[in-house]
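Engineer: Those sequence lines, one after another, are chains P and V.
Position one of the first sequence corresponds to residue 0 (numbering that gives the first Met the number 0), numbered consecutively onward.
Position one of the second sequence corresponds to residue 0 (numbering that gives the first Met the number 0), numbered consecutively onward.
Keep in mind that the hints were calculated from the coordinates and are not lab data.
All values derive from a computational prediction rather than experimental measurement.
Some hints could be false.
What the hints assert, rightly or not - Coverage of chain V stretches by chain P, computed from C-beta distances (three or more under 8 Å per stretch; other residues unrestricted): (1) 106-114; (2) 179-188.
Claimed, not checked - Using 25 Å as the maximum straight-line C-alpha spacing, the simulated SDA-like pairs for lysine to any residue come out as follows: (3) P:Lys108 with V:Ala355; (4) P:Lys108 with V:Lys126; (5) P:Lys108 with V:Arg93; (6) V:Lys303 with V:Val202; (7) P:Lys137 with P:Gly247; (8) P:Lys108 with V:Ser375; (9) P:Lys137 with P:Glu115; (10) P:Lys112 with V:Glu120; (11) P:Lys112 with V:Val202; (12) V:Lys126 with P:Arg213; (13) V:Lys126 with P:Gly247; (14) P:Lys108 with P:Leu98; (15) P:Lys108 with V:Lys303; (16) V:Lys303 with V:Arg230; (17) V:Lys149 with P:Leu119; (18) V:Lys126 with P:Phe197; (19) P:Lys108 with V:Pro90; (20) P:Lys108 with V:Val202; (21) P:Lys108 with V:Pro107; (22) P:Lys108 with V:Asp88; (23) P:Lys137 with P:Ile156; (24) V:Lys189 with V:Val202.
Said to hold, decoys possible - Some chain V residues flagged as far from chain P (calculated, every beta-carbon gap over 12 Å): (25) Ser42; (26) Arg46; (27) Pro90; (28) Val96; (29) Ser154; (30) Gln157; (31) Asp274; (32) Gly279; (33) Glu287.
A virtual CB, placed ideally from N, CA and C, is assigned to each residue, including glycine.
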Amino acid sequence: MASIAAPTSEQTIAAARSERRPGGLWLLLPGPLGWMVFFYLVPLVILLVHAFWSVDYLTIQRTFTLENFRTLLTNDLYLRVLGRTAAMAAVVTLADLCLAFPLAYFLAKRVTKHRELLLLLVIFPLWSSYLIRVFAWKTILGTNGILNSFLLTVGVIDQPATAFLYSKTAMFLTFSQVWLPFMILPLFTVLDRLPNSFIEAASDLGANPWRTFRSVILPLSLPGILAGSLSVFSLTLGDYITPTLLGGPGDQMIGRLVADNFGMSNNWPLGATLVVPILVLVSLFIAVANRFGALGRTAA
Amino acid sequence: MAQALMTETPVRADAGRFGGTPSIELRDVSKFFGQVPAVSGISLEVRQGEFLTLLGPSGCGKTTTLRMIGGFELPSAGEIVIEGEAMGDRPPYRRPVNTVFQNYALFPHMTVGQNVSYGLEMTGVPKPERQRRVAEALDMVRLPHVENRKPAELSGGQQQRVALARALVNRPAVLLLDEPLGALDLKLRKTMQLELKQLNREVGATFVYVTHDQEEALTMSDRIAVMNEGRILQLGTPGDIYERPRTRFVADFIGQTNFLEVEVIGSDGAAVEVDLPGSGPLRARPPEGVPAQGTMTLAVRPEKISLMADLPGSEIPGWDRLSGRLEEIIYVGTYTQYVLRLPGGQELAVHRQNRAVGEGEHPMGETLTVVFNPQSAALLAD
Chain P
0 MASIAAPTSE QTIAAARSER RPGGLWLLLP GPLGWMVFFY LVPLVILLVH AFWSVDYLTI
60 QRTFTLENFR TLLTNDLYLR VLGRTAAMAA VVTLADLCLA FPLAYFLAKR VTKHRELLLL
120 LVIFPLWSSY LIRVFAWKTI LGTNGILNSF LLTVGVIDQP ATAFLYSKTA MFLTFSQVWL
180 PFMILPLFTV LDRLPNSFIE AASDLGANPW RTFRSVILPL SLPGILAGSL SVFSLTLGDY
240 ITPTLLGGPG DQMIGRLVAD NFGMSNNWPL GATLVVPILV LVSLFIAVAN RFGALGRTAA
Chain V
0 MAQALMTETP VRADAGRFGG TPSIELRDVS KFFGQVPAVS GISLEVRQGE FLTLLGPSGC
60 GKTTTLRMIG GFELPSAGEI VIEGEAMGDR PPYRRPVNTV FQNYALFPHM TVGQNVSYGL
120 EMTGVPKPER QRRVAEALDM VRLPHVENRK PAELSGGQQQ RVALARALVN RPAVLLLDEP
180 LGALDLKLRK TMQLELKQLN REVGATFVYV THDQEEALTM SDRIAVMNEG RILQLGTPGD
240 IYERPRTRFV ADFIGQTNFL EVEVIGSDGA AVEVDLPGSG PLRARPPEGV PAQGTMTLAV
300 RPEKISLMAD LPGSEIPGWD RLSGRLEEII YVGTYTQYVL RLPGGQELAV HRQNRAVGEG
360 EHPMGETLTV VFNPQSAALL AD
């Protein structure tokens with residue numbers, strides 16, 4: 000009898016323990032949750048509330064108005080800058096995707112030795128300041144920069160070109176290089192988890208490498224593609240340092256306008272309003288990514 | 000555990016259907032991974048429609064061999080010929096071969112129907128025919144009405160059938176199967192073994208099957224190639240392999256075997272006389288391919304040995320006879336394993352069928368006399 004009773008009581012204890020465990024986990028939550036609320040959610044709400052206020056010289060009028068949004072939608076400048084910013088973000092995302100995919104595939108599927116080291120090299124640039132990396136591009140593309148010296152030495156040009164720096168190309172190059180690791184890492188993760196047997200099965204069933212890529216590898220790495228694209232797209236969308244340091248006079252981006260309104264022009268309400276389209280764009284992207292990412296999860 | 004088969008090599012009823020050019024030919028094929036040899040110069044001919052099993056422990060090179068036939072690995076040396084065509088470095092998608100992978104490798108983002116029609120789509124089969132053949136293939140593996148489901152919604156056994164349908168729908172000349180039943184439970188595995196064998200007969204494709212499960216190999220194969228350390232040790236019918244193992248490894252890997260070290264005394268053509276230290280002279284079947292001389296290993300399977308007390312007549316002329324002390328009794332259900340300690344210190348396992356409940360039980364420590372036919376006792380060189 001006792002031998003029958005013993006496991007039963009053990010089961011009871013085990014059941015009680017497993018019921019108690021989630022309760023313990025709740026204790027971990029207040030810290031991070033408080034942090035997120037006070038340093039993320041509250042400032043965001045404050046920011047959004049500002050969008051519905053106005054400024055009278057230097058004082059902020061705390062009365063509800065849609066004036067800022069009217070300005071945003073009717074003023075050509077803002078829409079042009081927004082369009083330019085979104086286009087830049089899209090092109091940079093696409094470029095990084097094209098650069099990162101082969102690299103991530105190689106790392107995940109071909110490299111067997113020194114994998115961690117190579118992956119570390121991908122992350123390595125992220126350990127230096129972003130500002131430094133942007134300045135590095137300035138020294139490369141500048142009038143007396145490395146690119147010009149090289150082209151002069153080789154004899155391709157006989158005068159230092161000024162066209163490299165302060166241009167959309169300069170911004171594109173910098174963005175693509177600086178955000179590349181954010182694309183490589185999620186792609187590496189999905190490709191690393193993609194079983195080789197799927198690729199072999201496709202080949203076994205008569206698919207040449209291109210069709211294998213299109214019908215098996217690409218759809219199964221969609222969650223990684225979307226995660227990486229989301230990072231690169233939103234990082235580019237909100238950036239104002241690269242346009243400031245490397246952009247030309249006609250290359251304003253929305254982040255720069257936001258910064259100007261919060262700084263020089265001291266128009267916090269308009270600055271806050273300019274953030275809204277960025278937020279909307281990124282939220283849309285997240286919604287799409289989540290939808291396909293979730294699809295990818297159930298599929299895998 | 001495989002049950003006692005006939006002592007004579009069983010002639011398979013379907014042995015006559017093989018013929019013509021071999022389906023697959025391996026000519027002195029080797030594969031090195033860096034400096035490590037995985038396959039060391041194997042040659043093999045697989046006949047049309049044959050069910051051939053590559054059997055061996057993990058790391059013996061059986062999977063590498065299969066992958067070389069499929070084109071997933073290229074041989075470091077040697078040649079692979081499929082249906083009369085040298086494969087060279089042809090990629091998998093240009094070989095008349097389809098594979099059932101160990102973990103099925105069904106595409107998770109496609110439905111069962113899309114999975115099965117994938118191969119047909121790649122070879123440009125028009126849609127109406129594709130739909131018809133997919134339905135046929137799923138019927139063949141007895142899995143209708145699942146076309147619109149995702150693989151993840153199916154059980155392991157069902158996924159296995161989908162993987163089979165996905166390969167067979169392309170009507171390959173050769174079907175490669177890489178331990179396809181490994182993930183299934185015992186009952187399902189037994190059912191699938193029979194179904195695979197049946198499919199092999201129905202579709203007429205050559206099946207090359209990789210497994211480390213000796214019973215699976217014995218049940219399904221027309222021929223078995225026993226592999227170890229990158230070489231084929233013995234190639235033959237299941238009866239051949241089981242009843243006439245040529246090396247100690249083969250005898251040991253397939254089924255259970257007693258190994259006794261003996262000295263050869265003489266030979267009278269039909270049998271070799273040997274001396275088992277402590278027990279005296281015994282007669283054994285002459286070895287194949289090696290001379291009977293010096294110290295050799297006598298291999299005799301436990302189920303070939305009978306207790307003297309169980310036999311109706313007291314003595315069978317010409318049979319070998321040993322006596323030992325009963326040291327261990329293991330009840331296994333269909334039979335009981337007795338372990339005897341022979342006078343020379345050797346152990347001898349004997350399987351005694353449990354014919355009737357409570358029949359003639361023997362106490363531990365009792366001295367038992369056992370007999371076996373000398374033709375069941377193989378002499379091995381190693």
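Engineer: Give a verdict on every hint.
Structural biologist: Tested hints:
1. Here the segment 106-114 of chain V counts 3 residues with a CB under 8 Å from a CB of chain P, which clears the bar of 3, and the coverage holds.
2. Here the segment 179-188 of chain V counts 0 residues with a CB under 8 Å from a CB of chain P, which misses the bar of 3, and the coverage is violated.
3. Restraint check for Lys108 of chain P and Ala355 of chain V: the C-alpha separation of about 60 Å exceeds 25 Å, so the hint is violated.
4. For the hint pairing Lys108 of chain P with Lys126 of chain V, the CA-to-CA distance comes to about 34 Å; that exceeds 25 Å, so the pair is violated.
5. Among the hinted pairs, Lys108 of chain P with Arg93 of chain V is consistent with the structure: their alpha-carbon atoms are about 22 Å apart, no more than 25 Å.
6. Between Lys303 of chain V and Val202 of chain V the alpha-carbon distance is near 38 Å, which puts this suggested pair outside the 25 Å criterion.
7. A distance of roughly 13 Å separates the Cα atoms of Lys137 of chain P and Gly247 of chain P; the hinted pair therefore holds under the 25 Å criterion.
8. Distance check on the hinted pair: Lys108 of chain P and Ser375 of chain V sit about 52 Å apart at the alpha-carbon level, beyond 25 Å; violated.
9. Between Lys137 of chain P and Glu115 of chain P, the direct Cα distance comes to roughly 31 Å. Violation of the 25 Å bound is thereby established for this hinted pair.
10. Using a Cα cut-off of 25 Å, the hinted pair Lys112 of chain P and Glu120 of chain V is violated, with the two alpha carbons roughly 37 Å apart.
11. Between the alpha carbons of Lys112 of chain P and Val202 of chain V the distance comes to roughly 44 Å, so the proposed pair goes past 25 Å and is violated.
12. Restraint check for Lys126 of chain V and Arg213 of chain P: the C-alpha separation of about 20 Å stays at or below 25 Å, so the hint holds.
13. Between Lys126 of chain V and Gly247 of chain P the CA atoms are separated by roughly 55 Å; this puts the pair beyond 25 Å, and the hint is violated.
14. Of the supplied pair hints, the one linking Lys108 of chain P and Leu98 of chain P holds, its CA atoms being roughly 16 Å apart against a limit of 25 Å.
15. With a C-alpha separation of about 52 Å, the suggested pairing of Lys108 of chain P with Lys303 of chain V is violated against the 25 Å cut-off.
16. With a C-alpha separation of about 29 Å, the suggested pairing of Lys303 of chain V with Arg230 of chain V is violated against the 25 Å cut-off.
17. A threshold of 25 Å between alpha carbons decides the hint, and for Lys149 of chain V with Leu119 of chain P the separation of about 37 Å lies outside it, so the pair is violated.
18. A distance of roughly 23 Å separates the Cα atoms of Lys126 of chain V and Phe197 of chain P; the hinted pair therefore holds under the 25 Å criterion.
19. About 17 Å separates the Cα atoms of Lys108 of chain P and Pro90 of chain V, which keeps this hinted pair within 25 Å; it holds.
20. Taking the CA atoms of Lys108 of chain P and Val202 of chain V, the gap is near 36 Å; set against the 25 Å cutoff, the hint is violated.
21. As the CA atoms of Lys108 of chain P and Pro107 of chain V are separated by approximately 19 Å, the hinted pair is consistent with the 25 Å bound.
22. About 20 Å separates the Cα atoms of Lys108 of chain P and Asp88 of chain V, which keeps this hinted pair within 25 Å; it holds.
23. For the suggested pair Lys137 of chain P and Ile156 of chain P, the alpha carbons sit about 19 Å apart, so the restraint of at most 25 Å is met.
24. Restraint check: the Cα-Cα separation between Lys189 of chain V and Val202 of chain V comes to about 20 Å, which is no more than 25 Å; the hinted pair holds.
25. The Cβ of Ser42 of chain V sits about 25 Å from the closest Cβ of chain P, beyond the 12 Å cut-off, so the non-interface label holds.
26. Listed as outside the interface, Arg46 of chain V is consistent with that label: its C-beta sits roughly 23 Å from the nearest C-beta of chain P, beyond the 12 Å cut-off.
27. At roughly 6 Å, the least C-beta separation between Pro90 of chain V and chain P is not larger than 12 Å, which violates its mark as non-interface.
28. Some Cβ of chain P comes within 12 Å of the Cβ of Val96 of chain V; the nearest lies about 7 Å off, and the non-interface call is violated.
29. Interface exclusion of Ser154 of chain V from chain P stands, the closest Cβ pair being 18 Å apart, more than 12 Å.
30. The claim that Gln157 of chain V lies off the interface holds: its Cβ sits roughly 17 Å from the closest Cβ of chain P, which is beyond the 12 Å cut-off.
31. No beta-carbon of chain P is positioned within 12 Å of the beta-carbon of Asp274 of chain V; the least distance is around 54 Å.
32. Here Gly279 of chain V stays apart from chain P, with its beta-carbon at least about 52 Å from theirs, past the 12 Å limit.
33. No beta-carbon of chain P is positioned within 12 Å of the beta-carbon of Glu287 of chain V; the least distance is around 39 Å.
The structure fails hints 2, 3, 4, 6, 8, 9, 10, 11, 13, 15, 16, 17, 20, 27 and 28 (numbered hints given earlier, in ascending order).
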